[in-house]
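Trainee: Based on the provided sequences and hints, a complete structural model is requested.
All residue numbers for the sequence shown refer to the UniProt record's numbering, where the first residue is 1 and numbers rise by one.
These aren't lab readings, by the way, just hints derived from the structure by calculation.
Incorrect hints may have been included.
Taking lysine to aspartate or glutamate pairs in the DMTMM-like style, the calculated list, with each CA pair at most 25 Å apart, reads [stated by the list, open to error]:
| no. | residue 1 | residue 2 |
| --- | --- | --- |
| 1 | K19 | E9 |
| 2 | K56 | D71 |
| 3 | K56 | E8 |
| 4 | K19 | E8 |
| 5 | K56 | E9 |
| 6 | K19 | E40 |
| 7 | K56 | E22 |
| 8 | K56 | D13 |
| 9 | K19 | D71 |
| 10 | K56 | E40 |
| 11 | K19 | D47 |
| 12 | K19 | D72 |
| 13 | K19 | E34 |
| 14 | K56 | E43 |
| 15 | K56 | D12 |
| 16 | K19 | E60 |
Here the structure is a predicted model, which means the values were calculated and not measured.
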Amino acid sequence: MPPRYRYEEIADDLQHRIKAGEFPPGSRLPSRRELIAHYEVTEPVIDRAMQILRIKEITETLPGVGVFVRDDPGA
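Mentor: Written as C-alpha coordinates, this is what we have:
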(Lines of atoms letter the chains of each structure in order from A and count residues from 1; the text may use other names and numbers.)
(Lines give C-alpha, C1' and ligand atoms only; values in the text may rest on other atoms or scores of the structure.)
Protein backbone atom coordinates (compact mmCIF):
# COMPACT_ATOMS: atom_id res chain seq x y z
CA MET A 1 0.00 0.00 0.00
CA PRO A 2 1.45 3.41 -0.91
CA PRO A 3 2.21 5.81 1.93
CA ARG A 4 -0.62 8.13 2.88
CA TYR A 5 -0.39 11.86 3.09
CA ARG A 6 -0.94 13.46 6.49
CA TYR A 7 -3.94 15.44 5.19
CA GLU A 8 -5.62 12.16 4.17
CA GLU A 9 -5.07 10.74 7.66
CA ILE A 10 -6.53 13.88 9.23
CA ALA A 11 -9.56 13.86 6.92
CA ASP A 12 -10.16 10.18 7.77
CA ASP A 13 -9.80 10.88 11.49
CA LEU A 14 -12.27 13.77 11.35
CA GLN A 15 -14.69 11.68 9.29
CA HIS A 16 -14.47 8.90 11.89
CA ARG A 17 -15.05 11.39 14.71
CA ILE A 18 -18.09 12.77 12.87
CA LYS A 19 -19.53 9.28 12.32
CA ALA A 20 -18.87 8.43 15.98
CA GLY A 21 -21.01 11.41 17.03
CA GLU A 22 -18.26 13.59 18.43
CA PHE A 23 -19.34 16.24 15.91
CA PRO A 24 -23.07 15.71 15.24
CA PRO A 25 -24.88 17.10 12.18
CA GLY A 26 -25.09 20.88 12.29
CA SER A 27 -22.19 21.24 14.69
CA ARG A 28 -19.18 23.43 14.02
CA LEU A 29 -15.79 21.77 13.69
CA PRO A 30 -12.88 23.18 15.70
CA SER A 31 -11.22 26.26 14.20
CA ARG A 32 -8.32 25.96 11.80
CA ARG A 33 -5.99 27.14 14.58
CA GLU A 34 -7.32 24.48 16.98
CA LEU A 35 -6.93 21.75 14.35
CA ILE A 36 -3.37 22.87 13.57
CA ALA A 37 -2.50 22.63 17.26
CA HIS A 38 -4.31 19.30 17.75
CA TYR A 39 -2.73 17.55 14.76
CA GLU A 40 0.59 19.43 14.94
CA VAL A 41 0.61 20.30 11.24
CA THR A 42 0.69 23.40 9.06
CA GLU A 43 -2.25 25.39 7.74
CA PRO A 44 -2.07 23.97 4.18
CA VAL A 45 -2.36 20.42 5.57
CA ILE A 46 -5.56 21.31 7.43
CA ASP A 47 -6.90 23.13 4.37
CA ARG A 48 -6.40 19.99 2.23
CA ALA A 49 -8.10 17.81 4.86
CA MET A 50 -11.06 20.23 4.96
CA GLN A 51 -11.20 20.17 1.15
CA ILE A 52 -11.54 16.37 1.20
CA LEU A 53 -14.43 16.57 3.68
CA ARG A 54 -16.17 19.19 1.51
CA ILE A 55 -15.73 17.10 -1.65
CA LYS A 56 -17.19 14.07 0.15
CA GLU A 57 -20.11 16.34 1.18
CA ILE A 58 -19.47 15.66 4.86
CA THR A 59 -18.98 19.32 5.77
CA GLU A 60 -19.85 22.73 4.43
CA THR A 61 -17.99 25.97 4.94
CA LEU A 62 -19.69 29.24 5.78
CA PRO A 63 -17.13 31.98 5.02
CA GLY A 64 -16.23 33.97 8.09
CA VAL A 65 -18.25 31.63 10.32
CA GLY A 66 -16.69 28.16 10.23
CA VAL A 67 -16.89 24.62 8.95
CA PHE A 68 -20.04 22.69 9.84
CA VAL A 69 -21.08 19.05 9.64
CA ARG A 70 -23.81 18.67 7.05
CA ASP A 71 -27.23 17.48 8.19
CA ASP A 72 -26.78 14.26 6.21
CA PRO A 73 -22.98 13.85 6.09
CA GLY A 74 -21.72 11.99 3.07
CA ALA A 75 -25.16 11.14 1.70
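Trainee: So, for every hint listed, does it hold in this structure?
Mentor: Each hint tested on the structure:
Restraint check for K19 and E9: the C-alpha separation of about 15 Å stays at or below 25 Å, so the hint holds. Taking the CA atoms of K56 and D71, the gap is about 13 Å. The hint holds against a cut of 25 Å. For the hint linking K56 to E8, the alpha-carbon distance of about 12 Å falls within 25 Å, and the restraint holds. This hinted pair checks out: K19 and E8 have alpha carbons roughly 16 Å apart, not beyond 25 Å.
Simply put, K56 and E9 have alpha-carbon atoms about 15 Å apart, close enough for the 25 Å limit, and the pair holds. Of the supplied pair hints, the one linking K19 and E40 holds, its CA atoms being roughly 23 Å apart against a limit of 25 Å. Annotation: proposed proximity of K56 to E22 holds, straight-line Cα distance about 18 Å (limit 25 Å). A hinted pair counts as satisfied when its Cα atoms are at most 25 Å apart, and K56 with D13 qualifies at roughly 14 Å.
With a C-alpha separation of about 12 Å, the suggested pair K19 and D71 falls inside the 25 Å cut-off, and the hint holds. With a C-alpha separation of about 24 Å, the suggested pair K56 and E40 falls inside the 25 Å cut-off, and the hint holds. In summary, the hint linking K19 to D47 is supported, as the alpha carbons are separated by about 20 Å, within the 25 Å threshold. For the hint linking K19 to D72, the alpha-carbon distance of about 11 Å falls within 25 Å, and the restraint holds.
Using a Cα cut-off of 25 Å, the hinted pair K19 and E34 holds, with the two alpha carbons roughly 20 Å apart. Simply put, K56 and E43 have alpha-carbon atoms about 20 Å apart, close enough for the 25 Å limit, and the pair holds. A hinted pair counts as satisfied when its Cα atoms are at most 25 Å apart, and K56 with D12 qualifies at roughly 11 Å. Straight-line distance between C-alpha atoms of K19 and E60 comes to about 16 Å, which keeps the hinted pair within the 25 Å bound.
Consistency note: the structure conflicts with none of the earlier hints.
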